[in-house]
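Q: One-letter residues, chain by chain:
Protein chains: 2
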Amino acid sequence: MKQKRIAFLFLFCLAVAILAAAAQENPKSLAEKLGFSRDSKLLIVHADDLGETHSVNAATIKAFETGLVNSASIMVPCPWFPEIADYAKSHPGADFGLHLTLTSERVYYRWGPVASKDKVSSLVDENGYFHHDWTPATRINPKEVELELRAQIDRAYAMGLRPTHLDSHQYRLFDNGMELFEVAVRIAHDYKLPLFVVRDWFAGRPYLQSALSPADIVIDHTVTVEPSVPPEKWADFYKTALKNLQPGVTEFVIHPGFADDELKAATRERDTWGAGWRQRDFDFFTSQEFRQLLTDQNIRLITWREIASAARR
Amino acid sequence: MKQKRIAFLFLFCLAVAILAAAAQENPKSLAEKLGFSRDSKLLIVHADDLGETHSVNAATIKAFETGLVNSASIMVPCPWFPEIADYAKSHPGADFGLHLTLTSERVYYRWGPVASKDKVSSLVDENGYFHHDWTPATRINPKEVELELRAQIDRAYAMGLRPTHLDSHQYRLFDNGMELFEVAVRIAHDYKLPLFVVRDWFAGRPYLQSALSPADIVIDHTVTVEPSVPPEKWADFYKTALKNLQPGVTEFVIHPGFADDELKAATRERDTWGAGWRQRDFDFFTSQEFRQLLTDQNIRLITWREIASAARR
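If you're matching them up, the sequences are chains A and B in order.
Numbering-wise, our numbering comes out as the position in the first sequence, counting from 1, plus 6.
Numbering-wise, our numbering comes out as the position in the second sequence, counting from 1, plus 6.
Just so you know, the hints here were simulated from the structure itself, not pulled from any lab data.
In this text, all values refer to a predicted model and were calculated from it rather than measured experimentally.
It cannot be assumed that every hint is accurate.
Same chains, same names: a pair is fine if it fits in one copy or spans any two.
Stated by the list, open to error - Within a straight-line C-alpha distance of at most 30 Å, the following computed DSBU-like cross-link-like pairs (lysine-lysine) qualify:
#: 1; residue 1: Lys123; residue 2: Lys68
#: 2; residue 1: Lys39; residue 2: Lys149
#: 3; residue 1: Lys123; residue 2: Lys95
#: 4; residue 1: Lys123; residue 2: Lys149
Given only the sequences and the hints, what does the whole structure look like? Please build it.
A: If you want it as structure tokens, here you go:
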């Protein structure tokens with residue numbers, strides 16, 4: 007009897023050890039942390055640039071109402087921020103993050119920092135707007151980046167927003183080396199917010215992985231339409247992407263807007279991310295065709311709110 | 007013969023003395039300085055708030071093209087300032103002044119100072135925008151007003167504008183006591199620009215006259231529609247004002263805009279100076295009816311450029 011007990015205990019310990027080893031080799035995927043199977047296809051349909059123009063706010067709110075666009079991020083320094091902050095306050099369940107902003111990339115319509123200009127002088131041009139673009143000659147001071155981004159987040163909280171995540175307008179915080187990415191990670195940790203980072207980026211930007219802690223959320227894939235896609239192939243691009251969607255968590259980074267007078271004027275110097283582009287995004291992601299594809303491909307929509315909640319478990 | 011000469015000299019001197027005395031009693035009116043008779047009816051049709059929204063820029067540009075609206079002023083701190091600055095640069099003959107701005111009076115769409123926020127802290131609210139309104143509790147520091155207004159003018163020049171005059175958004179520099187008006191006058195003198203001041207205001211605000219120098223231009227009258235005028239009486243209000251126009255220089259302060267999605271959203275919290283108001287102004291001041299009234303009433307349009315030029319003579 008005693009021998010039997012010892013044998014059972016031995017077998018039990020062996021099983022635990024094997025399972026533990028397996029878990030180490032195959033830690034829980036993000037999908038599993040979210041309560042889905044490892045091979046499930048999970049999608050965030052994420053609208054960027056809220057607050058930039060009224061048109062973008064209005065189109066995204068309308069797209070949210072279809073349920074097919076389910077997450078977005080907001081540019082705090084932009085003139086229409088108060089409009090979307092007000093909407094967010096009255097829709098506390100909606101999935102709004104902050105689209106941390108360091109550039110003012112248009113020509114006829116511009117904005118500048120939330121922080122005092124003299125404290126973030128490396129971020130502004132000679133007229134006091136955020137730089138239109140960063141060139142090799144632009145010397146961005148990471149300390150000023152941190153000051154400005156904290157000012158943006160603090161204004162958002164002060165105006166009643168409770169963001170679910172952080173990301174970076176024009177990917178400036180991801181594409182410009184270790185120091186700026188470290189600022190983003192430090193801020194995300196301080197405010198206890200998940201940061202939009204994608205595993206697929208690690209190969210090209212090794213500093214991303216080294217700046218993250220093991221507890222940080224990393225989503226698996228991202229898809230965004232590029233300027234090389236001609237307007238008439240827009241829907242095809244997204245359909246192909248949906249049909250080829252990989253298991254795991256994918257974020258579609260989209261830019262809905264209405265091609266009205268305001269947006270046409272604000273973006274008229276170039277077509278990229280312009281009024282037509284944004285109208286096409288709105289049209290596809292609110293279409294019956296997109297809804298049907300989600301069903302046909304067995305794709306489930308998830309939000310950053312669910313991801314943040316899974317990360318805390 | 008000698009007596010005749012002496013008599014002639016005497017009469018000549020007498021005539022000069024009488025004329026000089028008459029001139030002293032009746033100094034040249036602004037109309038006369040402009041080369042018109044004292045009893046001529048001269049009108050500036052002046053659009054306010056350019057730069058605030060695209061809709062206001064677009065409507066004013068369209069109204070300019072009719073020739074019936076012939077002057078405007080621009081809000082430098084506002085997001086659409088670059089659009090109208092670009093237009094002004096390519097239309098150097100157009101009559102653009104600066105609409106010196108110290109408030110951000112809307113709710114869903116807002117802007118802040120051109121100067122560094124920490125240098126003009128009395129001008130901004132807890133979120134870094136210009137105050138929505140000034141209450142008796144708002145302590146506006148005149149030194150900070152001066153710093154901010156100089157920053158606005160400097161940005162305008164730096165971005166290629168050559169303003170013809172200065173005025174004050176929401177009349178803040180005229181309605182709030184001697185100190186702020188003195189700032190406006192000092193800046194106008196420094197930049198050698200005429201300031202929109204109206205003789206009819208002197209009775210209610212005696213500090214205006216005492217802060218001005220004798221060389222300063224003062225126009226005679228101003229007309230602007232008030233919230234008490236119901237929409238259906240809009241055209242009647244202006245027709246009556248035109249039929250009763252007094253001799254001298256009058257400025258009609260108007261607010262053209264297109265009642266499109268942008269302007270409706272930007273002004274939706276109240277009707278005053280809202281989208282409908284601005285569309286009605288656009289409609290009347292670009293109408294054939296207005297053109298006919300100008301002819302019938304023998305009213306001549308003049309600009310601030312002509313006034314500034316007369317002031318230099």
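Q: Each hint: holds or not?
A: Comparing the hints with the structure gives:
1. Lys123 with Lys68: neither (35 Å within a copy, 35 Å between copies)
2. Lys39 with Lys149: neither (35 Å within a copy, 58 Å between copies)
3. Lys123 with Lys95: both (28 Å within a copy, 26 Å between copies)
4. Lys123 with Lys149: Both. Shortest intra-copy (14 Å) and inter-copy (18 Å) distances satisfy the 30 Å Cα cut-off.
Hint compliance for this structure: hints 1 and 2 are not met, and every other hint is.
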